[in-house]
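Listed below are the residues making up each chain.
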Amino acid sequence: MAGALLACAGCSLHNTQNALDASGPQSQRIEGLWWLFLPIAAVVWVIVIAVMLWGAARKRSPREGMETRGGAEVVVRDEARDRRMTRIVAGGVIVTVVILFLMLVADFRVGQALTMAPGTQAVPIKVTGHQFWWEVQYPDSVPNKTVITANEIHIPVGVPVVMELTSLDVIHSFWVPSLTGKKDLLPGYRRSLWFRADTPGVYRGQCAEYCGLEHAKMSVLVIAQKPQDFEAWRAAQLDSATTPSDSLALRGKTVFMGTTCVMCHSISGTSAAATAGPDLTHVGSRRMIAANTLPNTDANLYAWISDPQRIKPGVLMPATKLDPRDMQALVAYLRHLK
Amino acid sequence: MCSRFADRAVRAGTAVIAIAALAACPRERRTFHDSPPAASVAAESAKSVRSDSGVSREGPYGDNAYALYQGKTLFAAFNCMGCHSHGGGGMGPPLMDSAWIYGYEPANIYATIANGRPNGMPSFKNRITPQQIWELVAYVRSMSGQGSKAARTSRNDEMEVRAAESQTTTEKPVLVTPPPTVNPPAQEGHP
Amino acid sequence: MSALCGCALALLGCGVDSERTPAGAEGQEPHIMLQKPLPPGGTGAQIEAAATAPEDGQWIRPAKDFASSRFSGLNEINTSNVAQLKPAWTFPTGVLRGQEAAPIVVGHMMYVVTAYPNLLYAFDLSKPGASLKWMYNPKPLTSSQGEACCDVVNRGASYADGKIIYATLDNNVVAVDAESGKEVWRTKVGDINKGETMTMAPLIVKDRVLVGNSGGEMGVRGWLKGLDLKTGAVKWTAMHTGPDSVVLIGQSFKPFYKKDQGADLGVKSWPGTTWQIGGGGVWGWISYDPALDLVFYGSSNPGPWNPEQRPGDNKWTSTFFARHPETGEAIWAYQINPHDLHDYDGVNESILLDIPWNGSKRGILVHPDRNGYMYALDRATGEVLYAKPYVHITSSDSVDLKTGELALNPTKEPKLGKTVRDVCPAAPGGKDWQPSSFSPRTGLMYVPHQNLCMDEQPTAVSYISGTPYVGMDVRMKPGIGGNRGFVTGWNPVTGSVVWRIAEPFPVWSGTLATAGDVVFYGTMEGWFKAVDARTGTLLWKYKTTSGIIGQPVAYRGPDGKEYVAVMSGVGGWSGAIVAGGLDPRDSSAALGFVGAMRDLPRVTPKGGTLYVFSLR
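So the sequences go chain by chain: A, B and C.
For the first sequence, numbering that gives the first Met the number 0 gives the first residue as 0, with consecutive numbering after it.
For the second sequence, numbering that gives the first Met the number 0 gives the first residue as 0, with consecutive numbering after it.
For the third sequence, numbering that gives the first Met the number 0 gives the first residue as 0, with consecutive numbering after it.
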């Protein structure tokens, strides 16, 4: 499965984090609103600046509009000019109100479209925000077909996805610009968000609500695949981890179970079932690690586990001081967990 | 007019410098690469701490708000809460009262967590790092009001089952020997 | 402005509960409520004949007989003379933790097992003062004390084949020669590093010793084992989660209700591999029907308490089973609390009765469950004849007798980040482990239990082997009426309360019914009481030195006199605040019990004394 994914990386996969490169109906609507507002705002801005500059640059005699009457300086009103100015200002106000009203209606309609529930059968996904990673669950009516993973969300192309969002510590916000707008993850509340990807690709997202020291490095990958590839991925995720056959990875498993790892991480099929950190049952097949901060290579795993504080100072994961051979074994074991 | 302006500028500048100086206070310091004393202190015997152990009265983190917060997070994450509840005890003894069975100095509590104790306290030496143990030590002490009051954690965002650590009155810790649950029975067999 | 004042007043009211003095507090006599008079001649319920035996003056297992009647046929002590009962002798065991055991009497010997360190004391009743003959110390591991959720109790030993057999806290089943006190065999059946302990009293059926583990709060894999009586070898193990092959579900398995039918439900009803740490221990009571050759028992709660971490029915936790004792194969099962939300274990006792039902005699078992319903199940099939509330219930609405399903109240379902208030009954249930008794003379069950509600809030919890796996903050409080305990005289034929005594504290001791029409029970303040079996009227009481949470027994001494024996020594889950020296300022301590028991340390100290009473 991982092989297929890596092979796909060679093909022309859409790989983007760009609100102006919409790949689904939600972000298309938001992008459309952007393209409506931008020209209007630009034109208005140009007009306002132009008038302001003209007003500042126009030469005026010090005595314009004033006359001497009975020995004193008196302001003279030019009735015609006054009426003309009034009409111009009133006209400007009316045009502004109309434009703003049109923009309001456009915004309202987009907002409505974003929150309307999808008509067809949607894939439910539960996303729980933690400092500083994303817990992802795919619930199923048969409980033992529930998939639990972290930081990397796979979705089928062309099928709507309904996300139930919550947080276990502070407020986070889920934002994949190419697919959808932002939605907050609030502790104690469950909020739903739906969206759809219409093109296969890898879409990067960010946490969009300041949540702590590593808010900037809390990103999420949404990988949209053809429906049959998605089902294959999902079925593979249900497999428990197997005992490795090669000795280095086997030693790595012993290291994992005997040190700090088991206090926070879970690997299905072993006795590690802690929930403070991401599930690692299939960590070997993920594209990136550390909430999508580093590519998932052996060197990066080594560096990350040895000292996460150097890469993301302030995460909850402590530095794990191990003998280099034990560390290599541990990395080999994690690589085995595809 | 000029002198009034200068006057205000001087006052404002002093205020800015004072605030900047306060911001360097130990309560708010955050160190992510710390090497607090570990191995030597953990080797201490259960009931006493040497005066030259290098650990301050409050332990390395007793007055650090970030460390106390981390300690509170770890107290829940590592299931300390399962046996000690929110300090009231349960399977394990209470931590929020003044009675301490194995010593109340930071070094004693470090040894308790790292090495475990008879009667059921597990050993966490290989499972959590020394920095994490010191953070837990600081938090555990704050449950009975030890350590800096200003740095202590406050009310939980959940069902309130006890007063917040920052509202706890400081209790003078006392070393107690738990009453024996068994009077040494007559030698086994026929009395 | 007024809104602000209102908000402020509301804030003052919420937060940590202040102490409340419950109705019937110290000094006051508890209130008896006579609901309906007992029909003359009793209710018509009888103990299943095959599961009991004529009275022989002994008490060889905690439940007395296989039907678990806890009924003594002795009538020397009766309603007219029980007021003269006084202590005949006492024995301080030297162990100051909760004493839940039933003293057992075999011939002229009495045996009692203490809380950790599980000492076995043997007394020769024929000697003056019932002198101590020998003491056996199994030397359980000290670290096992850190794996017991609810005090380091032990519910007693059983006698068979010349041996006294019981389980130790550190998962050893020991058989001790009843005469000499020498260990005959010892079998280790569990591992404290996985969070397992043992507190239950084994049941010995023919040549099988049936034992189960504790640890539903520790993420254990729950099981029931059958050991060989002669050698102690493990003959079979029935797990309570996992594939059918390990649950010993085979061709003969016929659950009555559709919801319990299907293959490998012990895997399919759990996400991923969470069934491996799913709980389902057997730390309570087992009954045996010799006519059908079936043992009946229930499994414990699923782990963790936080239900969001284990969507699905979570079979086979909180499930009532019927198995053949020789092989362990399951014959039928009924899951009482699918996807349990409130720690409602299924481990409480079941009393085997024959009752008149729709014109004919029906063989049933009556099981007071933690969820607040009294269940009457057909012994042969597991059909639910009735499920009637015996306490106030808000956590569910009813039990559908056609489908067997429990209709849960969705507003009381715990969800992460939210506090659920006033869940009744609280986690210890309408009744916990403390066993009921039955009198065939009145046809009533005598149920000792509690009246508690709770607020709870789940938290995300990690499984760390050897540490608790709970994930719930709980704060208990007295139920409606303010009294925290009841002794209920229950009519098992109509499924209704006949009389009820309100006690200020939970009644955590067992009851004993005798042919003298006297019912004995103990209170957590330390009173040992005798009441009239027909009306509940208090006839006698005696203040012992510590709260009573043990099981009273009655026996005929070598001198022909009737004696009543009970252990006094407060503790257990309800008494943890005293036994463990816990801090009352944290109402979530002891899994929430401290919130409801803050006044207990003022009324009783720790203890560990055996009391034996007689007339004259």
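Just to be clear, a hint being listed does not mean it is correct.
Under the rule of at most 16 Å between Cα atoms (straight-line distance), these lysine to aspartate or glutamate pairs were calculated in the EDC-like manner [claimed, not checked]:
{"id": "1", "chain 1": "C", "residue 1": "Lys258", "chain 2": "C", "residue 2": "Asp399"}
{"id": "2", "chain 1": "A", "residue 1": "Lys337", "chain 2": "A", "residue 2": "Asp245"}
{"id": "3", "chain 1": "C", "residue 1": "Lys267", "chain 2": "A", "residue 2": "Asp238"}
{"id": "4", "chain 1": "C", "residue 1": "Lys417", "chain 2": "B", "residue 2": "Glu159"}
Residues from chain B that face chain C, not an exhaustive set, calculated with beta carbons under 7 Å [claimed, not checked]:
{"id": "5", "residue": "Gly89"}
{"id": "6", "residue": "Asp96"}
{"id": "7", "residue": "Gly119"}
{"id": "8", "residue": "Arg161"}
Label pairs and their in silico Cβ distance ranges [unchecked claim]:
{"id": "9", "chain 1": "B", "residue 1": "Val9", "chain 2": "A", "residue 2": "Glu163", "range": "53 to 59 Å"}
{"id": "10", "chain 1": "B", "residue 1": "Arg10", "chain 2": "A", "residue 2": "Val45", "range": "42 to 48 Å"}
{"id": "11", "chain 1": "A", "residue 1": "Lys144", "chain 2": "C", "residue 2": "Gly106", "range": "36 to 42 Å"}
{"id": "12", "chain 1": "B", "residue 1": "Thr30", "chain 2": "C", "residue 2": "Thr141", "range": "49 to 55 Å"}
No lab work stands behind these hints, which were simulated from the structure alone.
Cβ atoms here follow ideal geometry from the backbone N, Cα and C, with glycine treated the same way.
Results of checking the hints against the structure:
| no. | hint | verdict |
| --- | --- | --- |
| 1 | Lys258(C) with Asp399(C) | holds, 12 Å |
| 2 | Lys337(A) with Asp245(A) | holds, 15 Å |
| 3 | Lys267(C) with Asp238(A) | holds, 14 Å |
| 4 | Lys417(C) with Glu159(B) | holds, 12 Å |
| 5 | Gly89 | holds, 5 Å |
| 6 | Asp96 | holds, 5 Å |
| 7 | Gly119 | holds, 2 Å |
| 8 | Arg161 | holds, 4 Å |
| 9 | Val9(B) with Glu163(A): 53 to 59 Å | holds, 57 Å |
| 10 | Arg10(B) with Val45(A): 42 to 48 Å | holds, 45 Å |
| 11 | Lys144(A) with Gly106(C): 36 to 42 Å | violated, 59 Å |
| 12 | Thr30(B) with Thr141(C): 49 to 55 Å | violated, 38 Å |
Hint compliance for this structure: hints 11 and 12 are broken, all remaining hints hold.
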